[in-house]
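> Using the sequences plus the hints, can you model the full thing?
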Amino acid sequence: MERPKLTDNPLFRFLTVVLLPAVLLIILRTAGGSYYESVLILFFINVILAASLNLTNGITGIFSLGHAAFMALGAYISSILTLSEKMKQTMVSNMPEWLAKIQLPFVPAVLTAAVITMLIAGLIGLAILRAKGHYLAVITLGMVIVIKSVLDNASNLTNGSRGLSGMAKYSTLPVVIIAALLTLYILYRIRISAFGRSMVALREDEDAAASLGISYRSIRLLSFMVSTFFAAVGGALWAHLQRTIAPSLFYFNETFVILEMSVLGGMASLSGAIPGAAILTFLPQILANFSTGFTIFGVQIPQINGLTNIVMSILFIVTIIFRKQGVVGNSEYIVSSLFDPKTYTGLFKKKTYEDFAFAFRRKQRSTARRLNKQTMEGEGP
Amino acid sequence: MLKVSNLSVSYKKINAVRNISFEIGKGEIVSLIGSNGAGKTSTMRALSGLVRVKSGSVIFDGQDLTGASPSQIVSAGIVHVPEGRQVFSKLSVGENLEMGGYLVTDKKKVRDRTASVFELFPILRERIHQKAGSLSGGEQQMLAIGRALVTGPRLLLLDEPSLGLAPIIVERVFDVIRELQKNGMTILLVEQNALDAMAISGRTYIMESGSIAMEGPSGEIAENDEVRRIYLGGKETWNSSLLN
Amino acid sequence: MEFFTAQLISAVKLGSIYALVAIGYSIVYSIMGMINFAHGELLMIATFSLWLLLSAGVPFAVAVVLAVIITAVFGILIERIAYRSIRNAGESTQIITSLAVSIFLEALCQAIFNSSSKALIIPDVFSQTFKVLGVTVSVIDVVTLACTAALTVAVVLFIRHTRVGKAMRAVADNQEAANLMGINKDRIITTAFVIGSVLAAVAGILYSGKYTSFSNDMGFMLGVKAFIAAVLGGLGSLTGAVAGGYIMALLEVFFSGYLPQGIGSYQTAFTFLVLILVLLIRPNGLFGSSARERS
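Protein chains in written order, with the numbering used here: chain W, 1 to 381; chain C, 1 to 244; chain B, 1 to 295.
Please keep in mind that the hints were generated in silico from the structure rather than gathered at the bench. It is possible that some hints are incorrect.
Listed below are the simulated DSSO-like cross-link pairs for lysine-lysine, each with C-alpha atoms no more than 30 Å apart in a straight line [claimed, not checked]:
#	chain 1	residue 1	chain 2	residue 2
1	C	Lys54	C	Lys12
2	C	Lys90	C	Lys107
3	C	Lys54	W	Lys324
4	C	Lys109	B	Lys185
5	W	Lys5	W	Lys363
6	C	Lys107	B	Lys185
7	C	Lys182	C	Lys107
8	B	Lys185	C	Lys54
9	W	Lys363	W	Lys342
10	W	Lys132	C	Lys12
11	W	Lys88	W	Lys101
12	W	Lys324	W	Lys132
13	C	Lys108	C	Lys131
14	B	Lys185	W	Lys324
15	C	Lys109	C	Lys3
16	C	Lys26	C	Lys108
17	W	Lys88	W	Lys169
18	C	Lys90	C	Lys131
19	C	Lys3	C	Lys182
20	C	Lys54	C	Lys90
21	W	Lys86	W	Lys169
22	C	Lys54	C	Lys3
23	C	Lys90	C	Lys109
24	C	Lys182	C	Lys109
25	W	Lys132	B	Lys185
26	C	Lys26	C	Lys107
27	C	Lys54	C	Lys26
28	W	Lys350	W	Lys5
29	W	Lys5	W	Lys349
30	B	Lys185	C	Lys3
31	C	Lys12	B	Lys185
32	C	Lys108	B	Lys185
33	C	Lys12	W	Lys324
34	B	Lys185	C	Lys90
35	C	Lys90	W	Lys132
36	W	Lys363	W	Lys373
37	C	Lys131	B	Lys185
Below is the structure:
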């Protein structure tokens, strides 16, 4: 009887994907204090943004650069809905009465914003999704430009380029963790469904997919809409973390950041969002320590403005040239381990532990063998 | 003139050409026939440097051209007229011919050769300023051959010159091929039209699934029953071909 | 009427710059089939180099020439390092790579120059003005127009009549056949990048000479506009690229000048909406020349 692989073992999966991250999270949160809590919250929001972008760009094969636009819509609509009437009247001159009067609790506001964004995206998608490749990329970029322009100018709704501020800090750590898990779960279920499979089929070969009777236009559109729904959720959460938003925050820079997360982690899978978001959230923090100048091997390196951007973009280029599938490629190990019931039910089965011990010992033995061989041949460990 | 030994070519993990060897003597017309996917075009593309040679060697007049770049191969004197003509459709007829002379440093030679091309294909002179894309299939084929001739080749690789052409035009094309040989050109001819190919060539190689299945004087090959069955559709003998 | 003329002249000035960038863009695109977001960054490199050289006391004319050369070198480096290896990769890889190069160059400039806007000090002769048809026009405007015209003519002549120019058209037309003629694809592509970079450099210098201040995010936007302008006119058509550049400038200027009060500031949105419409409805360009197909 063949023993299954270590990576299929429920215990191993549980340890690596559930227990280890949970422990890390607790350590970081308690040791880091409230500043680090913001970074952690940002991480989970980024996971939502990256995963939703991967749905279109990597999994369905629609290359969209417009994510920041939908993030913006989500942020603005949710903020307008959660801010009190008084705040809106003071901040935004000439806001329509009916709009100023509405005030919703957080979750309904986010959902409303996401639904509205999704519907707007649907309308836009009907028009633009017939385009492909370079043209689509530029058109979606054009969308970011158009929406920024609208946000900058519709001052009676958005307060123009000054933006909105004073949103309540609704995006706490528990909230974003739940949101991220929900997002991943929903996207995962979509991905493993028949709909999800047809998305991949579409990406691989449009003509073949069409001949199978799959209406590629509706699949593209639906995939696009789902993706923008979660982009808006991410935007809304972000707005209530930063508590200040302005149109300039949803422009080219943000577009690049989300794209980098997507590509570095692995565009073709939802799981890629996690390493991607991790790199883009935590690396800049580490780099920030260095950008004010540091010494290495006794050489003083002066302050480098924008060191983060340089390092990230070099990392980006290197990844595309040498490992364009990103960290995880199209493996859904992380997400499937998280949400597959077998990961949890398997903990109650004896066989799981037997297989685990066996695989572990096997690894030990082969490593020992390798080391022995090396010493015998005089190579040394 | 050309000696190919143990040539292997692979495309994306498919072994298109497996370990073939053949020779072409100066002034010969040698035909390479076989069904679709047999590896004929891959062989040609390896000879002209468009695809990498996986193993084996290509020696041309004593010069080792294995793994050489297309421009080196063209300079050495081997020119490939590709399948489907592949003229520069947005360039004029005249400019297409000029491109043939791209590597030739002696511009007088280019002018002389262009003049002989016009003599061989008067229709091209008529259409000299027309965009190549607007020519008919047969005219494009002549342009493609003419373009190759301006390069001043010593060995001409013709890949499916009759493809998609009406029989009358095919006749004309093969007339041209014969005339080229008369003027001393060495030619390797790849053709799906086995009948015409064997009628015009001195020797024939038959390729099947990447290997050479049979070789010999064209006359003998054409008489072979197996060959007749597979490639010539049975009853017809090559003596009754349209070209006589 | 005077307002109209002023707007028109404004549009022509801006259009010349767009046209220069679009031509270079179109040439590279027609040969490589790949969108190059980093093209706009070349303008920025030219401008920054010029500023750096002028600050170091280099005489104006020399600084301009050097800035152009530096830009061309950057163009060649970008092609060699980033683009050569992905020439046959899928579209998304190419888009991502060119975006990455764009981000890198912007970050590099930010690091070296700090993100604040800078002012370019150009010799006074260029800012002298005179009146044409009742509208004030400055010397730099005339220089812009003259440069654009001269460079456009030069490039068109080069492409149409020189050996290398024809080889470039051949490669753009049918890469494999061009290979068979012994045309060295690498050298042709490098040449195309050099031409594109030189044009972009000139455009960048003219632009910042006119508007006398520049910042490091102007590059990306200009690159996007260059792509759209080239598409407007029909990718692969030089005259189309020029036309596309002027049309885009006309749209921008007239939208901001003539839209009714209140929505005038939405000029950017309107311009891009129109452009997106064109991209959707006529991806082969307004003049219908065929889009480059990959052989």
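> If a hint holds in the structure, say so; if it does not, say that too.
Consistency of the hints with the structure:
1. C:Lys54 to C:Lys12: Holds. C:Lys54 to C:Lys12 sits at ~12 Å (cutoff 30 Å).
2. C:Lys90 to C:Lys107: 23 Å, holds
3. C:Lys54 to W:Lys324: 27 Å, holds
4. C:Lys109 to B:Lys185: 24 Å, holds
5. W:Lys5 to W:Lys363: Holds, because 11 Å separates the two Cα atoms, which is no more than 30 Å.
6. C:Lys107 to B:Lys185: This hinted pair holds, its Cα atoms lying about 22 Å apart.
7. C:Lys182 to C:Lys107: Cα-Cα ~25 Å, so holds.
8. B:Lys185 to C:Lys54: 22 Å, holds
9. W:Lys363 to W:Lys342: Holds, at about 24 Å.
10. W:Lys132 to C:Lys12: With Cα atoms ~27 Å apart, W:Lys132 and C:Lys12 stay inside 30 Å; holds.
11. W:Lys88 to W:Lys101: 9 Å, holds
12. W:Lys324 to W:Lys132: 21 Å, holds
13. C:Lys108 to C:Lys131: 24 Å, holds
14. B:Lys185 to W:Lys324: At roughly 25 Å apart (the allowed maximum being 30 Å), W:Lys324 and B:Lys185 satisfy the hint.
15. C:Lys109 to C:Lys3: 28 Å, holds
16. C:Lys26 to C:Lys108: Cα-Cα ~26 Å, so holds.
17. W:Lys88 to W:Lys169: 17 Å, holds
18. C:Lys90 to C:Lys131: Holds: C:Lys90 and C:Lys131 sit about 6 Å apart, inside 30 Å.
19. C:Lys3 to C:Lys182: The given pair, whose Cα atoms are some 22 Å apart, holds under the 30 Å limit.
20. C:Lys54 to C:Lys90: Measuring from Cα to Cα gives roughly 35 Å; hence the hint is violated.
21. W:Lys86 to W:Lys169: Satisfied, since the Cα-Cα distance of roughly 18 Å is no more than 30 Å.
22. C:Lys54 to C:Lys3: Holds. C:Lys54 to C:Lys3 sits at ~16 Å (cutoff 30 Å).
23. C:Lys90 to C:Lys109: Distance of about 25 Å is within 30 Å: holds.
24. C:Lys182 to C:Lys109: 20 Å, holds
25. W:Lys132 to B:Lys185: The given pair, whose Cα atoms are some 27 Å apart, holds under the 30 Å limit.
26. C:Lys26 to C:Lys107: With Cα atoms ~26 Å apart, C:Lys26 and C:Lys107 stay inside 30 Å; holds.
27. C:Lys54 to C:Lys26: 26 Å, holds
28. W:Lys350 to W:Lys5: 16 Å, holds
29. W:Lys5 to W:Lys349: Distance ~16 Å between W:Lys5 and W:Lys349 Cα, so the pair holds.
30. B:Lys185 to C:Lys3: 28 Å, holds
31. C:Lys12 to B:Lys185: 22 Å, holds
32. C:Lys108 to B:Lys185: 25 Å, holds
33. C:Lys12 to W:Lys324: Holds: C:Lys12 and W:Lys324 sit about 19 Å apart, inside 30 Å.
34. B:Lys185 to C:Lys90: 18 Å, holds
35. C:Lys90 to W:Lys132: The given pair, whose Cα atoms are some 25 Å apart, holds under the 30 Å limit.
36. W:Lys363 to W:Lys373: Holds. W:Lys363 to W:Lys373 sits at ~15 Å (cutoff 30 Å).
37. C:Lys131 to B:Lys185: Distance of about 22 Å is within 30 Å: holds.
In terms of the numbered hints stated before, the structure departs from hint 20 and from no other.
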